[in-house]
Amino acid sequence: MTALTLTNVNKSFGNVHVLKDINLEVEDGEFVVFVGPSGCGKSTLLRVIAGLEDVSSGEVSIGGEIVNTTPPSRRGIAMVFQSYALYPHLNVRNNMTLALKQEKQSKQVIEQRVAEATRMLNLEDYLDRYPSELSGGQRQRVAIGRAIVRHPKLFLFDEPLSNLDAALRMNTRLEIANLHQQLKTSMIYVTHDQSEAMTLADKIVVLRAGRVEQVGSPMELYNNPVNQFVAGFLGSPAMNFMPASLISEGDTRTLGVRPEDLFQSDQGQLKASVQHVEQLGGDTNVIAKVKDHQITARLFGQHDIKPGAELSFGIAEGKSFYFDKDGARLRG
Amino acid sequence: MNKARTNPLNTAAMHGALILYTLIALFPVFVILINSFKSRKAIFREPLALPDADSFSMIGYQTVMKQGDFFLYFQNSMIVTVVSLTFILLFGAMAAFALSEYRFKGNMLMGLYLALGIMIPIRIGTVAILEMMVATGLVNSLMALILVYTAQGLPLAVFILSEFMRQVSDDLKNAGRIDGLSEYTIFFRLVLPLVRPAMATVAVFNMIPIWNDLWFPLILAPAEETKTLTLGSQVFIGQFVTDWNAVLSALSMAILPVLILYVIFSRQLIRGITSGAVK
Chain A
1 MTALTLTNVN KSFGNVHVLK DINLEVEDGE FVVFVGPSGC GKSTLLRVIA GLEDVSSGEV
61 SIGGEIVNTT PPSRRGIAMV FQSYALYPHL NVRNNMTLAL KQEKQSKQVI EQRVAEATRM
121 LNLEDYLDRY PSELSGGQRQ RVAIGRAIVR HPKLFLFDEP LSNLDAALRM NTRLEIANLH
181 QQLKTSMIYV THDQSEAMTL ADKIVVLRAG RVEQVGSPME LYNNPVNQFV AGFLGSPAMN
241 FMPASLISEG DTRTLGVRPE DLFQSDQGQL KASVQHVEQL GGDTNVIAKV KDHQITARLF
301 GQHDIKPGAE LSFGIAEGKS FYFDKDGARL RG
Chain B
1 MNKARTNPLN TAAMHGALIL YTLIALFPVF VILINSFKSR KAIFREPLAL PDADSFSMIG
61 YQTVMKQGDF FLYFQNSMIV TVVSLTFILL FGAMAAFALS EYRFKGNMLM GLYLALGIMI
121 PIRIGTVAIL EMMVATGLVN SLMALILVYT AQGLPLAVFI LSEFMRQVSD DLKNAGRIDG
181 LSEYTIFFRL VLPLVRPAMA TVAVFNMIPI WNDLWFPLIL APAEETKTLT LGSQVFIGQF
241 VTDWNAVLSA LSMAILPVLI LYVIFSRQLI RGITSGAVK
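Protein chains in written order, with the UniProt record's numbering: chain A, 1 to 332; chain B, 1 to 279.
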């Protein structure tokens, strides 16, 4: 069964066309990540799915039911917000139970669901605290708990980790992944961080300027991007782009090579002067200039390279991507 | 911390200036209070002297209690002020919520139209208001005053509150919507508590002019049973003879409730004024 189907969804604010003909299917139990630069419409799309915004045209159906005119609370969804959005005047327990009380669930059901969620999220000790007495990570866990207790058909996450610091972000990311394994509910997750997308998703939806650029599993998108935008957006450090004429005279295409597919070799085609070296311990990122084009090479292990050195890089066999001047992928 | 702020000389100068201002501001209140406890002769002999055994007299308060129904005036003032404030805050907040929360055609225009009232003094319309009150039979009723004061207070209330409501996180309201709260619940339970400092600011800014107003009570409700405190105190001021003891006593008693309400609201008021500047 499909958890969510979007058919030709369009959304405009006045004259601004934010979402353009979005078509998408989310299967039951799938973890789908919407990723794209800021302003690409990914949050708007999430809000359309949640029912916080109406579609201008098109159809949204959740669990096989068209919900275009259904209010958010009856769509069987739960949402986790970037700013946590906990009710400041309610303690943790009441924050979690408010929606259930609105649904007129029995006391037993409420009790049991809160117990279940607090156990999953280790929130037992905080039930009687107020949001202002919690740290950022704890607040986000409460926000997730508030979503879990509703037993939704679909979870919506709106950049839930961007207010957390780096270490906590890693932990919470793992927790969300665990949660998905335990609950086996469909989840839609919006982020601008490609590493979150790569690590969490079963399926990534790359959006740009209100359009879906490509849909697929993380590795599909990484190994087989349909255009220069997707190729450049996924992967860190990002893919190198340079005129193909650098390696073969008169070629007008754009050449794309991932940093890890460049290797140091005296016979290499790319003669580069090193600008900067990032020693990460496990890897070494070499930022160098080939004529006027900056490239990044990711070398495995530790290398003693000094800025100013002249090096040659080769491109791993079969790892070059070619794009035309509009950014479309050229194959073969 | 800013260096200039920790400089003791600057701190002293700042406090000096503030203390001086406090003294100037409190001086009239102080004069009214001390003189209300003095005999008529003592008031004129030495207006700035404190009441002593010789000059102490409660005659002013006795006159006020005897003449005119002071408690009725007091009650009228209280009813008018409290009900007007309630209406201003309730309707002002509701209008502000609609203007800041919902996108609809003419939203901007409606906001500007409501703000127009800030620039036009309501007293310009006194004659028209009086005609309207006569036509509706509301002359000499507290309702007339309440309606006028509500109209007078709304523009500024809508203006200030809508600014503050724009700052309330959208995520919070949306979380409420997803949890199945009605728009009214979101307004009363989520948004209002968060703009409480702004509400207090609006309340104080409106309370004092309403409490002190002489103009509209004199024109719209001069009857004995609807007189407000300020209007009631005027009976002691005559064209030729003024009963200063009574006037000062009445004023002293009129200051009290405002003072108490101000103390209650002031904490919130300061937060409301500074919340934009200090994060």
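Note that these hints are calculated values from the structure, not bench results.
As the structure is a prediction and not an experimental result, all values here were calculated from the model.
Where hints are given, some of them may not hold.
Unchecked claim - Here are some, though not all, of the chain B residues that point toward chain A, as calculated from beta-carbon distances under 7 Å:
no., residue
1, Gly16
2, Ala17
3, Gln167
4, Asp171
5, Leu172
6, Ile178
7, Ser182
8, Glu183
Glycine residues also receive a C-beta, built at the ideal position from the N, C-alpha and C atoms.
Verification of the hints:
| no. | hint | in the structure |
| --- | --- | --- |
| 1 | Gly16 | violated (38 Å) |
| 2 | Ala17 | violated (36 Å) |
| 3 | Gln167 | violated (13 Å) |
| 4 | Asp171 | holds (4 Å) |
| 5 | Leu172 | holds (5 Å) |
| 6 | Ile178 | holds (5 Å) |
| 7 | Ser182 | violated (9 Å) |
| 8 | Glu183 | violated (11 Å) |
Consistency with the previously given hints fails for numbers 1, 2, 3, 7, 8, ordered from lowest to highest.
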